[in-house]
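Protein chains in written order, with my numbering: chain E, 1 to 111; chain D, 112 to 694.
Hints were generated in silico from the structure; no laboratory data involved. For every residue, glycine included, the Cβ atom is placed at its ideal position computed from N, Cα and C. Just so you know, not all the hints are guaranteed correct.
Claimed, not checked - Ranges of calculated distance between the beta carbons of each label pair, as one might list FRET restraints:
hint: 1; chain 1: E; residue 1: D16; chain 2: D; residue 2: K135; range: 24 to 30 Å
hint: 2; chain 1: D; residue 1: Q362; chain 2: E; residue 2: N35; range: 54 to 60 Å
hint: 3; chain 1: E; residue 1: S47; chain 2: D; residue 2: N574; range: 18 to 24 Å
hint: 4; chain 1: E; residue 1: Q36; chain 2: D; residue 2: Q467; range: 54 to 60 Å
hint: 5; chain 1: E; residue 1: Q36; chain 2: D; residue 2: V191; range: 52 to 58 Å
hint: 6; chain 1: E; residue 1: N35; chain 2: D; residue 2: N574; range: 17 to 23 Å
hint: 7; chain 1: E; residue 1: D29; chain 2: D; residue 2: E320; range: 33 to 39 Å
hint: 8; chain 1: D; residue 1: D194; chain 2: E; residue 2: K38; range: 52 to 58 Å
hint: 9; chain 1: E; residue 1: A86; chain 2: D; residue 2: G440; range: 50 to 56 Å
hint: 10; chain 1: E; residue 1: S2; chain 2: D; residue 2: G142; range: 28 to 34 Å
hint: 11; chain 1: E; residue 1: D51; chain 2: D; residue 2: Q467; range: 56 to 62 Å
hint: 12; chain 1: E; residue 1: D51; chain 2: D; residue 2: G142; range: 42 to 48 Å
hint: 13; chain 1: E; residue 1: D51; chain 2: D; residue 2: N574; range: 36 to 42 Å
hint: 14; chain 1: D; residue 1: G142; chain 2: E; residue 2: Q36; range: 56 to 62 Å
Unchecked claim - Computed cross-link-like contacts, EDC-like style, restricted to lysine to aspartate or glutamate with a CA-CA straight-line distance of at most 16 Å:
hint: 15; chain 1: D; residue 1: K274; chain 2: D; residue 2: D372
hint: 16; chain 1: D; residue 1: K512; chain 2: E; residue 2: D16
hint: 17; chain 1: D; residue 1: K339; chain 2: D; residue 2: E174
hint: 18; chain 1: D; residue 1: K145; chain 2: D; residue 2: D389
hint: 19; chain 1: D; residue 1: K339; chain 2: D; residue 2: E645
hint: 20; chain 1: D; residue 1: K650; chain 2: D; residue 2: D372
hint: 21; chain 1: D; residue 1: K586; chain 2: D; residue 2: D679
hint: 22; chain 1: E; residue 1: K53; chain 2: E; residue 2: D29
hint: 23; chain 1: D; residue 1: K512; chain 2: E; residue 2: D44
hint: 24; chain 1: D; residue 1: K140; chain 2: D; residue 2: E215
hint: 25; chain 1: D; residue 1: K135; chain 2: D; residue 2: E534
hint: 26; chain 1: E; residue 1: K38; chain 2: D; residue 2: D568
hint: 27; chain 1: D; residue 1: K643; chain 2: D; residue 2: E664
hint: 28; chain 1: D; residue 1: K274; chain 2: D; residue 2: D417
hint: 29; chain 1: D; residue 1: K586; chain 2: D; residue 2: E645
hint: 30; chain 1: D; residue 1: K504; chain 2: D; residue 2: E534
hint: 31; chain 1: E; residue 1: K20; chain 2: D; residue 2: E272
hint: 32; chain 1: E; residue 1: K28; chain 2: D; residue 2: E418
hint: 33; chain 1: D; residue 1: K656; chain 2: D; residue 2: E693
hint: 34; chain 1: E; residue 1: K20; chain 2: D; residue 2: E527
hint: 35; chain 1: D; residue 1: K543; chain 2: D; residue 2: D295
hint: 36; chain 1: E; residue 1: K28; chain 2: D; residue 2: D295
hint: 37; chain 1: E; residue 1: K38; chain 2: E; residue 2: D16
hint: 38; chain 1: D; residue 1: K643; chain 2: D; residue 2: D470
hint: 39; chain 1: E; residue 1: K28; chain 2: D; residue 2: D372
hint: 40; chain 1: D; residue 1: K410; chain 2: E; residue 2: D51
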Amino acid sequence: MSTAYEVLNVATTANDAEIKQAYLRLVKDNPPDRNQEKFQLIHDAYSAIKDHKSRVSYALFRLPEVNFDTLMEQLLQTEHTLNLSAEFINQLLQASIDDTTLLNATATSKK
Amino acid sequence: MKDIIIGIDLGTTNSEVSVVEQGKVTIIKEGDKKMLPSFVGIDDAGQVIVGETARNQYLVYPERTIKSIKRLMGQDTQVVLADQAYTPQEISAIILTRLKGIAEQYLGQAVSKAVITVPAYFSDAQRQATREAGEIAGLEVMRMINEPTAAALAYGTEQAEAKQVLVYDLGGGTFDVSVVNMQDGVVEVLSSHGDNHLGGDDFDQQIIEYLIEHIQETHNVDVRQHSKAMARLTRAAEEAKFLLSDQPYAQINEEYLLEHDGAAVHLSLELSRIAYEDMIEDYINATIDATHIALKGAKLTASDIDEVILVGGSTRTPCIRERLLNEFGFEPHSEVDPDLCVAMGAAIQAAMISGQEVDTVLVDVTPYTYGTSAIGVLDGQPYPFMFVPIIHKNSVLPNRKTEAFLTSYDNQDTVEIIIYQGEDPDALNNVKIGEFLVEGLLEVPRGNVITLTLGLDLNGILNVSAVEKETGLEKSITIKNALSQFEGESLDTAKQRITSLFGQMDPRIIEEEPSTVSDTPEITAARELITKAEGLFEKISAEDKEDMVDLIETMTGCIEAQDIEGLDKSSAQLTDIIYYLES
């Protein structure tokens with residue numbers, strides 16, 4: 001399985017603008033109308049790493065093997081002063097857990 | 112020969128057909144007209160007529176003429192046309208058949224494939240109905256694309272640098288607003304919002320109501336009871352609306368509108384632009400609210416927008432431009448004809464699908480959230496119909512999302528899955544678009560995992576499948592137009608029915624119609640005179656009517672023979688009679 005970085009053919013250190021441009025170039029060559037699956041792969045990769053928050057989340061949870069060097073690099077890229085307090089780490093985790101609150105839901109039933 | 116795919120803008124008021132040839136977009140004309148009025152009628156001879164002729168006939172025979180059928184698409188209803196009931200799909204198919212014919216005549220070859228545009232905010236049912244209309248017309252709908260997106264494509268080919276663009280699309284019956292990022296040859300839709308039942312027709316309706324009220328007050332007559340008078344009021348209201356785009360006042364004159372207690376009712380009144388803008392203010396406010404929702408969906412503010420593009424004939428209303436200028440701080444663009452840019456975009460997309468090289472590629476989103484209902488918590492209380500969104504509004508197309516659900520009691524062998532479209536946390540406030548049962552589940556304690564997968568294709572049409580994780584037991588459906596009368600074979604029946612309607616047409620008549628568009632001013636005036644005369648038929652003596660019918664026949668003969676001199680003579684006589692009758 002290729003990583004999102006490999007799909008988009010960008011360095012793991014690429015910034016938002018570089019990733020966006022790589023994404024658009026690939027879309028231009030692989031429009032959704034010609035090859036839906038390929039497009040979806042490209043789009044999923046882009047969604048996974050399009051901004052700083054998603055890149056950190058991707059590094060934490062989705063990269064095949066957690067590469068701590070990459071992860072630290074991602075974390076240190078932030079423009080704000082890095083505050084590695086428990087609160088901050090908690091927020092980072094929260095950011096990607098938000099979407100799964102629906103797990104509590106159970107299917108409607110019918111006799 | 113390679114299959115040609117045509118682009119079609121199937122509009123509420125007007126429709127167009129277009130094609131890309133040697134990299135250039137052409138709107139295919141019929142005669143010298145690029146737009147085909149979306150009117151369908153049955154003429155005196157029982158033949159189907161479409162476009163300008165049907166539009167003219169509407170004044171005299173509203174009961175055998177249909178307008179604005181697009182507003183009914185996706186609804187479980189039928190319209191009556193000359194005592195026959197038709198579904199909205201069939202009426203739309205008649206318009207599509209005509210557009211197909213126009214394209215075939217221009218291209219000199221048969222056409223069987225099309226890209227058809229639909230309002231971005233068209234629901235699943237409305238999209239299904241549009242596809243069915245295409246099938247009835249003998250057109251394989253290769254793709255349905257959203258109208259504002261198509262317009263952006265038409266503009267996109269001219270853009271060099273990256274831009275955030277807002278497309279404001281107000282047509283005859285629908286309103287859409289999309290926020291689009293144009294960069295590196297990709298038109299990327301960031302968000303869409305809209306209203307399926309808001310457009311220029313509503314503006315006309317406001318004026319019509321005003322006229323009805325005026326006549327009620329001045330003559331104590333309810334015009335609603337008189338279908339022909341209503342048809343004339345409708346046309347008069349529309350004309351007044353057009354005038355008010357350029358002028359501060361519009362004079363509305365409809366002589367001999369109807370007869371009441373033996374006296375003629377004439378309508379004569381002046382409508383000011385200010386009064387008109389007052390009438391439509393609520394509608395304009397609704398479009399501005401929708402614009403803000405779209406901006407929010409794209410996570411942008413008005414100041415992030417580099418350009419505003421106007422699409423749809425109704426954007427000619429001056430107060431709309433003013434409101435947008437106020438919102439964004441710059442003049443909106445309308446260089447590409449607001450009436451034609453959607454059709455142009457459809458042709459560009461069609462060219463792309465057929466494998467031609469194009470400058471711009473499209474990435475679109477869904478304007479709706481799709482999900483299911485489950486036992487959950489709403490407002491702090493346990494609630495059995497909590498809405499669980501699966502594919503969110505403004506997600507890119509195509510899209511596929513899976514969620515896991517758990518059975519809620521021991522030995523539960525059946526799960527009912529209901530699919531909703533909407534944004535409300537209470538599923539019952541959203542639109543139910545499909546449901547199905549998964550039966551024969553394992554007899555296990557509660558907590559049996561069922562995965563539900565929703566897939567939206569490029570046309571915005573939904574596929575749903577549910578799987579019991581343990582066994583792989585699967586059940587899936589395509590959300591069919593739940594309200595459609597067409598199941599399998601009946602679509603073929605409809606196709607035959609519509610084809611045979613066209614079959615009745617005398618080919619000579621089809622040939623001749625384009626010539627009417629190159630009318631000289633004399634002929635145009637004569638035609639108007641004939642229409643006016645026909646409008647009087649009901650109120651005059653048999654003797655007068657006979658005289659007029661004779662004259663009209665002479666005039667029609669002169670028109671066919673291009674005998675302008677003879678036409679002038681009979682026109683003058685008819686004018687005299689009308690003058691005599693009206694005075």
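Checked hints:
For D16 of chain E and K135 of chain D, the Cβ-Cβ distance of about 36 Å falls outside the hinted range of 24 to 30 Å, so the restraint is violated. A hinted range of 54 to 60 Å holds for the C-beta pair Q362 of chain D and N35 of chain E, which are about 58 Å apart. Between S47 of chain E and N574 of chain D the CB atoms are about 21 Å apart, so this pair conforms to the stated range of 18 to 24 Å. Taking the beta carbon of each, Q36 of chain E and Q467 of chain D are about 19 Å apart, not inside 54 to 60 Å as hinted.
Against the hinted window of 52 to 58 Å, the Cβ-Cβ separation of Q36 of chain E and V191 of chain D comes to about 42 Å, which falls outside the hint. Judged by the Cβ atoms, the range 17 to 23 Å given for N35 of chain E and N574 of chain D holds: they are separated by roughly 18 Å. At roughly 54 Å, the beta carbons of D29 of chain E and E320 of chain D sit outside the given window of 33 to 39 Å. Distance hint check: the CB atoms of D194 of chain D and K38 of chain E are about 53 Å apart, consistent with the given range 52 to 58 Å.
A hinted range of 50 to 56 Å is violated for the C-beta pair A86 of chain E and G440 of chain D, which are about 45 Å apart. For the hinted restraint 28 to 34 Å between S2 of chain E and G142 of chain D, the CB-CB distance of approximately 56 Å leaves it violated. Take D51 of chain E and Q467 of chain D: their Cβ atoms lie about 35 Å apart, and the range 56 to 62 Å is violated. Taken as a hint, the range 42 to 48 Å is violated for the pair D51 of chain E and G142 of chain D, whose Cβ atoms sit roughly 54 Å apart.
The beta-carbon spacing between D51 of chain E and N574 of chain D, approximately 30 Å, falls outside the hinted interval of 36 to 42 Å. Distance hint for G142 of chain D and Q36 of chain E: a CB-CB separation of about 40 Å, inconsistent with the stated range 56 to 62 Å. Annotation: proposed proximity of K274 of chain D to D372 of chain D is violated, straight-line Cα distance about 64 Å (limit 16 Å). Distance hint between K512 of chain D and D16 of chain E is unfulfilled; the C-alpha atoms sit about 25 Å from each other, more than 16 Å.
Between K339 of chain D and E174 of chain D the CA atoms are separated by roughly 9 Å; this keeps the pair inside 16 Å, and the hint holds. Taking the CA atoms of K145 of chain D and D389 of chain D, the gap is about 33 Å. The hint is violated against a cut of 16 Å. Simply put, K339 of chain D and E645 of chain D have alpha-carbon atoms about 11 Å apart, close enough for the 16 Å limit, and the pair holds. As the CA atoms of K650 of chain D and D372 of chain D are separated by approximately 12 Å, the hinted pair is consistent with the 16 Å bound.
Between K586 of chain D and D679 of chain D the alpha-carbon distance is near 72 Å, which puts this suggested pair outside the 16 Å criterion. A threshold of 16 Å between alpha carbons decides the hint, and for K53 of chain E with D29 of chain E the separation of about 28 Å lies outside it, so the pair is violated. A distance of roughly 12 Å separates the Cα atoms of K512 of chain D and D44 of chain E; the hinted pair therefore holds under the 16 Å criterion. Annotation: proposed proximity of K140 of chain D to E215 of chain D holds, straight-line Cα distance about 12 Å (limit 16 Å).
Restraint check: the Cα-Cα separation between K135 of chain D and E534 of chain D comes to about 41 Å, which exceeds 16 Å; the hinted pair is violated. At roughly 14 Å between alpha-carbon atoms, K38 of chain E and D568 of chain D fall within 16 Å of each other, so this suggested pair holds. Among the hinted pairs, K643 of chain D with E664 of chain D is consistent with the structure: their alpha-carbon atoms are about 15 Å apart, no more than 16 Å. The hinted pair formed by K274 of chain D and D417 of chain D meets the criterion: a straight-line CA distance of about 6 Å does not exceed 16 Å.
Note on K586 of chain D and E645 of chain D: the hinted pairing is violated, with a Cα-Cα distance of about 60 Å set against a maximum of 16 Å. Note on K504 of chain D and E534 of chain D: the hinted pairing holds, with a Cα-Cα distance of about 8 Å set against a maximum of 16 Å. With a C-alpha separation of about 14 Å, the suggested pair K20 of chain E and E272 of chain D falls inside the 16 Å cut-off, and the hint holds. About 22 Å separates the Cα atoms of K28 of chain E and E418 of chain D, which puts this hinted pair outside 16 Å; it is violated.
Distance restraint check for K656 of chain D and E693 of chain D: the Cα-Cα separation of roughly 14 Å lies within the 16 Å cut-off, and the hinted pair is therefore satisfied. A threshold of 16 Å between alpha carbons decides the hint, and for K20 of chain E with E527 of chain D the separation of about 41 Å lies outside it, so the pair is violated. For the suggested pair K543 of chain D and D295 of chain D, the alpha carbons sit about 39 Å apart, so the restraint of at most 16 Å is broken. Of the pairs offered as hints, the one joining K28 of chain E and D295 of chain D holds, with about 8 Å between alpha carbons and a cut-off of 16 Å not exceeded.
The straight-line distance between the Cα atoms of K38 of chain E and D16 of chain E is roughly 22 Å, outside the 16 Å bound, and the hint therefore fails. Of the supplied pair hints, the one linking K643 of chain D and D470 of chain D is violated, its CA atoms being roughly 50 Å apart against a limit of 16 Å. A distance of roughly 70 Å separates the Cα atoms of K28 of chain E and D372 of chain D; the hinted pair therefore is violated under the 16 Å criterion. Proposed proximity of K410 of chain D and D51 of chain E is supported: the alpha carbons are some 14 Å apart, at most 16 Å.
The structure fails hints 1, 4, 5, 7, 9, 10, 11, 12, 13, 14, 15, 16, 18, 21, 22, 25, 29, 32, 34, 35, 37, 38, 39 (numbered hints given earlier, in ascending order).
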